Amino acid sequence: MPLIKIRDLHFYRGNRAIFEGVNIDIERGKVTAIMGPSGTGKTTLLKLIGGQLRPDKGTIEVDGQNVHKLSRSDLYELRKRMGMLFQSGALLTDLTVYDNVAFPLREHTNLPESMIRDLVLMKLQAVGLRNARNLQPAELSGGMARRVALARAVALEPMMIMYDEPFTGQDPISMGTLVNLIHRMNDAMGLTSIVVSHDVAETAEIADYIYLLSGGKIIEHGSPVQLRRSGSQWVQQFMQGLPDGPVPFHYAGPDFDEDLLKPEEYA
Amino acid sequence: MMQNKSTEIIVGMFVAAGIAALFMLAMKVSNLGDFTDEAGYQVTAEFENIGGLKVRAPVTMAGVRVGRVSSINLDPTTYNAEVTINMYSQFDNIPYDTSASIYTAGLLGEQYIGLVAGAEEEFLQDGDVIDLTQPALVLEQVIGQFLYSKAEGEE
Amino acid sequence: MINLIRSLGRWGLGTFERLGRGHLFLLHILAGIPGLFLRFSLVIQQVYSVGVLSLLIILISGLFVGMVLGLQGYNTLVDFGAEESLGVLVSLSLVRELGPVVSALLFAGRAGSALTAEIGLMKSTEQLSGMEMMAVDPIRRVIAPRFMAGLISMPLLAAIFSAVGIIGAFLVGHGLLGVDDGAFWSQMQAKTDFYDDIMNGVIKSVVFGFVVTWIALFEGHDAIPTSEGVGRATTRTVVHSAFAILGLDFVLTALMFGDE
Ligand SMILES: Nc1ncnc2c1ncn2[C@@H]1O[C@H](COP(=O)(O)OP(=O)(O)OP(=O)(O)O)[C@@H](O)[C@H]1O
Ligand SMILES: [Mg+2]
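Chains as they are written, first to last, in my numbering: chain A, 5 to 271; chain B, 279 to 433; chain C, 98 to 357.
Please keep in mind that the hints were generated in silico from the structure rather than gathered at the bench.
Note that the coordinates shown come from a computational prediction; the quantities given were computed from them, not determined experimentally.
The C-beta atom is built at its ideal place from N, Cα and C for all residues, glycine as well.
Some hints here could point you the wrong way.
Said to hold, decoys possible - Covered by chain B, per the in silico footprint, the following chain C stretches (three or more residues, Cβ under 8 Å):
1. 131-142
2. 146-156
3. 208-218
4. 255-261
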C-alpha cells in the first residue's frame with residue numbers, strides 16, 4: 005500500500021484551476037519526485053498533502069488516513085510524522101540556528117536539554133552547519149537557511165519528508181552533499197521522500213519515480229529511465245531543458261503580437 | 279539561556295515598578311491610605327448647620343490635620359447636625375474646652391473643621407463632646423444678611 | 098449608482114466577514130491561554146518586548162503630561178484662589194482618563210504596531226505555516242503569549258503613567274509654582290476614591306490592553322503576506338486601536354461615572 009494516495013484531486017484558486025483530476029501514489033521508502041514548470045502548483049500540492057489547504061474535490065490519504073477528514077488534533081499528530089522543507093526555509097527569525105533545530109524537539113518531547121543538544125548537533129553536523137549553530141537566521145545565506153530547515157525537518161525523525169526545491173541556491177558541493185543526504189536518509193531511516201524540483205539532473209539521480217505535472221494534470225510518470233526514453237515531445241523538452249517545444253514558457257494569455265496592437269491598454 | 283535570565287530579571291523589575299505605581303496610587307493618591315490611620319479616639323460635636331461638610335473631611339488645628347470626620351447624623355431632638363470626629367491618637371493632649379468651626383478651603387474649596395485650642399488642663403478623651411461650635415457659613419445666608427442690613431441702613 | 102450601492106454592499110460584507118474572523122481568532126486565542134500557565138517563560142519573553150520596551154515612552158510622556166497638567170491646572174485654579182486643589186485636578190484627570198487613554202494610545206503606537214508587523218512578517222515568510230507543519234499551533238505558541246503579555250503590561254504601564262504624571266505635576270506645582278505640598282497631597286487623598294477612581298481607571302486600562310492587543314494580533318495574522326500588506330495592516334492597527342480606545346473610553350466612562 006502506498007504511503008500517500010491522491011485520487012481525483014481538484015483545486016481552484018478563484019476561478020483558476022490549479023489541479024484538475026490528479027492521481028498520485030507515493031511508495032513507502034522511495035524517493036518520489038514531482039517536477040513541472042514554475043507556477044504549476046507543486047508547492048500547492050505539498051500544502052494540500054500537509055492539510056494546510058483543502059481540495060475542492062478528491063481525496064488525499066496519508067498512511068491510510070484521509071488528511072482532510074481528520075480532527076484537528078489527529079491532523080497535528082499526523083503532521084508530527086511528516087517533515088516539510090519549505091521553499092523559503094521558513095526558519096523562525098527570533099531563534100538561533102541551534103534553537104530552530106531544537107524547536108520541534110522542545111515542543112513535542114520532554115527530553116532533557118543535554119539529549120536535545122546531542123540530537124541537534126547531530127542533525128546540524130549532517131548538513132554541515134554544526135559550527136554555524138549560534139548564528140541568527142538573518143545571518144545565513146539562502147542555501148544555508150535551507151540546510152538548517154532540512155536539519156529541523158528531520159529532527160523528529162518523521163516517516164516522510166517533503167522537500168520543496170531543496171537544490172536551488174546550493175553550490176555544486178553542497179548540492180552533491182544534499183543529494184547524498186537525501187539518499188542516505190532514505191536508505192538508513194527508511195524515510196519516504198517527496199522531492200519537488202526543477203533540477204532535472206539531480207532529481208533524476210536520486211528519484212526512484214518521477215511525476216511530471218503541467219496544466220493541472222499529470223503529463224507523465226515513471227522511473228527516470230522510462231521518462232528519458234519517453235516518446236512524448238513534452239517530456240523530452242522538459243527533461244532536456246529545450247527552449248522550444250510544447251511546454252509554454254509564457255503564462256497563459258493572448259499572444260505578444262496581439263498585445264502590441266493594443267496600445268490603449270495602459271493609456 | 280543567559281540572555282533568558284536577564285530578560286526575566288528585567289521583566290520582574292518592570293512588573294514590580296508597575297505594582298509599586300499602583301500601590302502609590304492606592305496609598306498616596308487615593309483615600310485608601312486613610313483607612314490605615316483609623317486608630318484614634320472619637321469625639322462628637324453638634325453644629326447648627328454644617329453646610330457642605332462631608333464624611334472624611336479633614337479636621338485641623340492650626341492648619342495641621344489632627345483627625346477626620348467619620349460620620350454625620352441628625353440629632354432627633356435638637357435637629358442639629360451631630361458630627362463624629364476621629365482624632366488621630368498621637369494628638370491626645372487637646373484641651374477639653376476646644377472649639378470647632380466649619381471653614382471652607384478657598385472660595386470654592388472643600389469644607390473642613392478647624393479646631394481652636396482652649397485653656398483647660400484636662401484633655402479630650404474618647405466619647406467626649408465639643409460644646410463650643412460655630413456653624414458653617416452658608417453663602418446665601420451671608421449675602422441675604424448683607425442685603426438686609428444694607429437696606430436697613432438706607433432707610 | 099448601482100455600482101456605488103454594490104461596492105457599498107461589498108464593503109459591508111467584507112467588514113462583517115472580517116469581524117467574524119476576528120472573533121473566531123479571539124476564541125482560538127482564549128482557548129490557548131490556559132496552556133500558557135505551563136509555559137510561562139513564553140509570556141515573560143513577550144512582556145519584555147511588549148511592556149518593557151514601551152516603558153521609556155510611557156515614562157517620558159507621563160512626566161510631561163503631568164507637568165503640563167500642573168501648569169495649566171495651576172493657571173486656571175489660581176484665578177479662583179483654589180490652587181490647593183491642584184492635586185485633585187491632576188490626580189482625577191490622570192487616574193480616570195489620561196492615564197488609561199494616553200498610555201493605551203501610546204501602547205498601540207509602540208507595541209501594537211510592532212506586534213502587527215512581527216506577526217505579519219512571520220506570516221509572509223511562512224514561519225506560521227512552517228510551525229503548523231511542525232504540528233505546532235502558531236496561535237497557541239506565538240499569538241496567545243503575546244496577547245497575555247499585552248493584557249499584563251497595559252494596566253502596569255497605565256499605572257506607571259499616572260504615578261509619574263502625578264509626580265510631574267507635583268514637581269511643577271510645588272517646586273516651581275509653590276503650591277503647599279501638604280495641601281496638594283491631602284486634598285488629592287480626600288477627593289480621590291480608591292474604588293471609584295483608581296480601580297475604574299485600572300479596569301479601563303485592562304479593557305484597552307485587551308482590545309489593542311487583539312486588534313494588533315488580528316491585523317498581523319490577517320495581513321496580506323507582502324510588504325505592502327504588512328505595512329497597511331500596521332497602519333490599520335494604529336488607526337483602529339485609536340478609534341476603539343476613544344469609543345470604549347466614552348462607553349466605559351458613561352457606565353462608571355455617569356450616575357454620580
Ligand atoms: N495565495 C495564493 N493566492 C492565489 N493564487 C496563488 C496563491 N499561491 C499560489 N497561487 C497560484 O497558484 C499557482 C501555483 O503556485 P505554486 O506556488 O504551487 O507553484 P509552484 O509549482 O510551486 O511554482 P515554483 O516552481 O515557482 O515554486 C501559481 O500560478 C500561483 O499564481
Ligand atoms: Mg513552489
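Going through the hints against the structure:
Figure legend: the stretch 131-142 of chain C, annotated as covered by chain B; annotation consistent (3 residues with Cβ-Cβ distances under 8 Å, at least 3 required). Coverage of the stretch 146-156 of chain C by chain B holds. Counting CB-CB distances below 8 Å, 3 residues qualify, and the rule asks for three or more. Check result for the stretch 208-218 of chain C against chain B: violated, 0 residues qualifying (beta carbon to beta carbon below 8 Å, three or more required). Residues of the stretch 255-261 of chain C with a Cβ under 8 Å from some Cβ of chain B number 5, which satisfies the need for three, so the listed coverage holds.
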